[in-house]
Amino acid sequence: DTGVSQDPRHKITKRGQNVTFRCDPISEHNRLYWYRQTLGQGPEFLTYFQNEAQLEKSRLLSDRFSAERPKGSFSTLEIQRTEQGDSAMYLCASSRRDQSTGELFFGEGSRLTVL
Amino acid sequence: AQSVAQPEDQVNVAEGNPLTVKCTYSVSGNPYLFWYVQYPNRGLQFLLKYITGDNLVKGSYGFEAEFNKSQTSFHLKKPSALVSDSALYFCAVRDKVDSSYKLIFGSGTRLLVRP
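If you read the sequences in order, they're chains A and B.
According to this note's numbering, numbering within the first sequence proceeds without interruption in unit steps and concludes at 115.
According to this note's numbering, numbering within the second sequence proceeds without interruption in unit steps and concludes at 115.
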């Protein structure tokens, strides 16, 4: 079991730049979730995919954010024209579609710092 | 709408003493409830969950939680705390009728176990 992996683990960027994070879920998991966690807060839901379909987006996901899962395997989260308020830990999680009672399995996160 | 409240930002306890971390929830339907733990610069690790049945559920590392439907609570407990239990703890809820299976998290409680 390789677990959920995220890359990069840390990203420092200047305001206005674009950044992209990648998430590789557990191989048999067809559901994939993105969360954002700021200091002192709990994770906040951003969006989720079932296979390659993006089925729900939070209103936290502004137009500058876009997520994809083109082949139903790995996913990317891109933030365009970053702002200082985007500084946070971005967490990816996965689960199996047939496990409605199952927990989500989280990666270790990608920490973004916008200067 | 689903929500979770963790009323304590921090809980302090001496090693060997029992600990309780409080959680209350709100869902429109029936809840699935979860506890996760987060160590510094790490992702979330699943501890335990309540789906149905016995109101007292046991999980990893000697933790347990008690589901109380009338009080809409799901408090995390451990009979004897260890210094290594010091971490950030998150309660989360899923509404059974939410087909996304996403979790809604509380703001977290920092547990500090002193030697």
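Treat the hints with care, since some could be wrong.
Simulated coverage check for chain A against chain B, where a stretch passes if three residues somewhere in it have a Cβ under 8 Å from a Cβ of chain B [as the list claims (entries may be wrong)]:
no.	stretch
1	44 to 58
2	104 to 114
Here are the simulated SDA-like cross-link-like pairs (lysine to any residue), alpha carbons at most 20 Å apart as the crow flies [what the hints assert, rightly or not]:
no.	chain 1	residue 1	chain 2	residue 2
3	B	K58	A	T101
4	B	K96	A	R96
5	A	K57	B	V97
6	A	K57	B	S100
7	B	K22	A	G40
8	B	K58	A	R97
9	A	K57	B	S99
10	B	K49	A	G102
11	A	K11	B	N41
12	A	K57	B	D95
13	A	K11	B	R42
14	B	K96	A	R97
15	B	K96	A	K11
16	B	K22	B	V37
17	A	K57	B	V13
18	A	K11	B	P40
Computed far set for chain B versus chain A, every beta-carbon distance over 10 Å [what the hints assert, rightly or not]:
no.	residue
19	P18
20	K22
21	K49
22	D54
23	Y61
24	K69
25	A92
26	I104
No lab work stands behind these hints: they were computed from the structure.
Glycine included, each C-beta is placed from N, C-alpha and C at the ideal position.
Hints and how they fare:
1. 44 to 58: Three-residue rule met by the stretch 44 to 58 of chain A, so holds; n is 5.
2. 104 to 114: holds (count 7)
3. K58/B <-> T101/A: holds, 16 Å
4. K96/B <-> R96/A: holds, 16 Å
5. K57/A <-> V97/B: Holds, because 17 Å separates the two Cα atoms, which is no more than 20 Å.
6. K57/A <-> S100/B: Satisfied, since the Cα-Cα distance of roughly 11 Å is no more than 20 Å.
7. K22/B <-> G40/A: holds, 17 Å
8. K58/B <-> R97/A: With Cα atoms ~25 Å apart, K58/B and R97/A exceed 20 Å; violated.
9. K57/A <-> S99/B: holds, 14 Å
10. K49/B <-> G102/A: Distance ~9 Å between K49/B and G102/A Cα, so the pair holds.
11. K11/A <-> N41/B: Holds, at about 14 Å.
12. K57/A <-> D95/B: Measuring from Cα to Cα gives roughly 17 Å; hence the hint holds.
13. K11/A <-> R42/B: With Cα atoms ~15 Å apart, K11/A and R42/B stay inside 20 Å; holds.
14. K96/B <-> R97/A: Holds - the C-alpha atoms of R97/A and K96/B are around 14 Å apart, at most 20 Å.
15. K96/B <-> K11/A: This hinted pair is violated, its Cα atoms lying about 36 Å apart.
16. K22/B <-> V37/B: Roughly 14 Å separates the two Cα atoms, so the pair holds.
17. K57/A <-> V13/B: Judged against 20 Å, a Cα distance of about 39 Å means the pair is violated.
18. K11/A <-> P40/B: holds, 17 Å
19. P18: Consistent with the label, P18/B stays out of reach of chain A, its closest Cβ about 24 Å off (over 10 Å).
20. K22: holds, 14 Å
21. K49: violated, 6 Å
22. D54: About 14 Å separates D54/B from the closest Cβ of chain A, which puts it past 10 Å; holds.
23. Y61: About 15 Å separates Y61/B from the closest Cβ of chain A, which puts it past 10 Å; holds.
24. K69: For K69/B, whose nearest Cβ neighbour in chain A is about 17 Å away, the distance exceeds 10 Å, so it holds.
25. A92: violated, 8 Å
26. I104: Check fails; 7 Å does not lie beyond 10 Å.
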